[in-house]
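Engineer: Sequence:
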Amino acid sequence: MKSIFRATAILSGSSIITIILGIVSAKVLALFLQPAGYGYYGLLQSFVGVTTLFAGLGMSTGLVRLGARAAAQNDEAALARLDSGAWLLFVGLGSLTLTTITVLRVTLSRWALGSPDHGWTIVLMGFALLFTVAGNVQVGTLNAHHRVGALAKYAVVNTLGSGLCTIGAVLIWRTHGIVPAVIASGAVNWLSSRYFLRREVKPARIRPTRREAFQSAVALARFGGPFTLSTMVGTGVQLALPMVVVHLLNPASVGYYKAAAAISVGYLGFLVTAMGQDYYPRVSAVSHQPEAMVKLINEQHRLVMLIAVPIILGMLALVPILIPIVYSHKFTPAVDILEWQLIGDLFKFSSWTMSFAILARCSSSVYFLTESIGGAAMLATTWLAVRWLGMTGLGVSFLVAYAIYYLVVWVVVRREIPLVWTRNNKLMMLGAVTAALIIRILPSTRFAAFRTPVALALALAAGVPSLFILWREFMSGKTGMVSKITEDVPQKAATRA
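Just so you know, we're using this note's numbering here: the sequence shown kicks off at 1 and counts up by one.
Treat the hints as calculated values from the structure; they're not laboratory data.
Ideal placement from N, C-alpha and C gives every residue a C-beta, glycine not left out.
One thing to keep in mind: the hints can contain errors.
[Stated by the list, open to error] The calculated DSS-like cross-link candidates involving lysine-lysine, where the alpha carbons are at most 25 Å apart (straight line), are: (1) 202 <-> 295; (2) 153 <-> 27; (3) 202 <-> 153; (4) 27 <-> 330.
[Claimed, not checked] Now the in silico label distances, taken between C-beta atoms and shown as ranges: (5) 272 <-> 418: 37 to 47 Å; (6) 464 <-> 176: 45 to 55 Å; (7) 422 <-> 24: 33 to 43 Å; (8) 172 <-> 195: 23 to 33 Å; (9) 176 <-> 111: 35 to 45 Å; (10) 460 <-> 116: 26 to 36 Å; (11) 160 <-> 332: 22 to 32 Å; (12) 418 <-> 100: 24 to 34 Å.
Taking the hints into account, I'd like the entire structure generated from these sequences.
Structural biologist: Printed below as a string of structure tokens:
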């Protein structure tokens, strides 16, 4: 069976390509749209992202949760029922959402874009929303079948197609190309996921009855309802933050925030992808085996730290140079925001190894509680930090909010399973946070001139051992990707089944 590391490596390769394509796209947008136009583009993306959470109702994750075992057991009838139920739910929710957006377009324009003058733009975003949700359903089906290679290829094709459409629209129509670019990106998502789904997963030979499709739709909705509420107060809050920023500050500030967030999210996007598409199915398979979960969580956390820490420290060293290169000198205010976000990423990725375990093992209400606290912390710290620190507060709030979230998920996980971090995990986390804070504080001291050399030295000190460990353990078959625990997962899951 493929290991966590092998799956992460496959997804990492595709993500490197998507990051490069994303950088090219960001450069074009920054040069031709300027901060205010880039902020407007970010606001539209945020609106589509938030409304997608409602219209999607967690179907993509629900397909993994309900369909992974059926796929592993080749239960074609169950898979066919789930597929039919998902598309039935898509039609119903999509129609309802599009109608609601049309009726409330002026109010939504004021809320999402800071002005009531973009009502019909909001309606057009409804079509981008439908394409996106349909694409996510297809990606969820691929994920349920654990087609890691296909998901990696899809990510590259989707990013390439979306990037080309976005760049073309902006080059031709400048700011007037923003709306077509967002819609085209959604369409590319749907088309590319549809292509790989048809190629990788054979159409079901069993045709479910309407009653069976409806029952599957209800099952997905029962899972997706609480999950969506949890996501809305967690991920949804982060997607909505640009809309909060435009009301607290101005569209240009949204552009700075979006520029920083794009790098903060994108540079380690493969870890997020691997967690959702490889780690979550694995931890779900051992959700009723506390000892196995503890081992798997520690394995995943160790891998995340080995990969992420050197990259985060290296990014901290190069942020003042990176922002003008990726965007332009007009985006320099994004530097302070990004530096604090990078430190917050240490807590984000560490906490996510636990939050996926909560999603797999605990009830929906428990997951909702943790995400609610995380979302409330993000909103509260953003409002307070921006009031006190201005734009820099957007980065500081990210760090504080994820530190709070880390503590919350730790307490919840400890109540469920006897999780104790291994000594290596403790040392890596402590060392990473200490090194990152040193890099961030140095410019405020008399040693400011040594900031970049010190940061690069710390990144190198973390990176060389990490590369050595990953290479040695992967090649010798000791890493969690090919470890005993992951070999035991299918056997134990089959025994339970």
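Engineer: Each hint: holds or not?
Structural biologist: Each hint tested on the structure:
For a cut-off of 25 Å, the pair hint linking residue 202 to residue 295 is broken: about 35 Å separates their Cα positions. With a C-alpha separation of about 24 Å, the suggested pairing of residue 153 with residue 27 holds against the 25 Å cut-off. The hinted pair formed by residue 202 and residue 153 meets the criterion: a straight-line CA distance of about 18 Å does not exceed 25 Å. For the suggested pair residue 27 and residue 330, the alpha carbons sit about 12 Å apart, so the restraint of at most 25 Å is met.
In this structure the hint that residue 272 and residue 418 lie 37 to 47 Å apart at CB is violated, the actual value being about 27 Å. Restraint check, residue 464 to residue 176: a C-beta distance of roughly 49 Å satisfies the suggested window 45 to 55 Å. Checked against the hint of 33 to 43 Å, the C-beta distance between residue 422 and residue 24 comes to roughly 40 Å, which is consistent with it. Checking the proposed 23 to 33 Å range against residue 172 and residue 195 shows it holds: the Cβ atoms sit about 26 Å from each other.
Taken as a hint, the range 35 to 45 Å is violated for the pair residue 176 and residue 111, whose Cβ atoms sit roughly 23 Å apart. Between residue 460 and residue 116 the C-beta distance comes to about 53 Å, which lies outside the given range of 26 to 36 Å. The beta-carbon spacing between residue 160 and residue 332, approximately 29 Å, falls within the hinted interval of 22 to 32 Å. A hinted range of 24 to 34 Å is violated for the C-beta pair residue 418 and residue 100, which are about 46 Å apart.
When each numbered hint is compared with the structure, violations occur for hints 1, 5, 9, 10 and 12.
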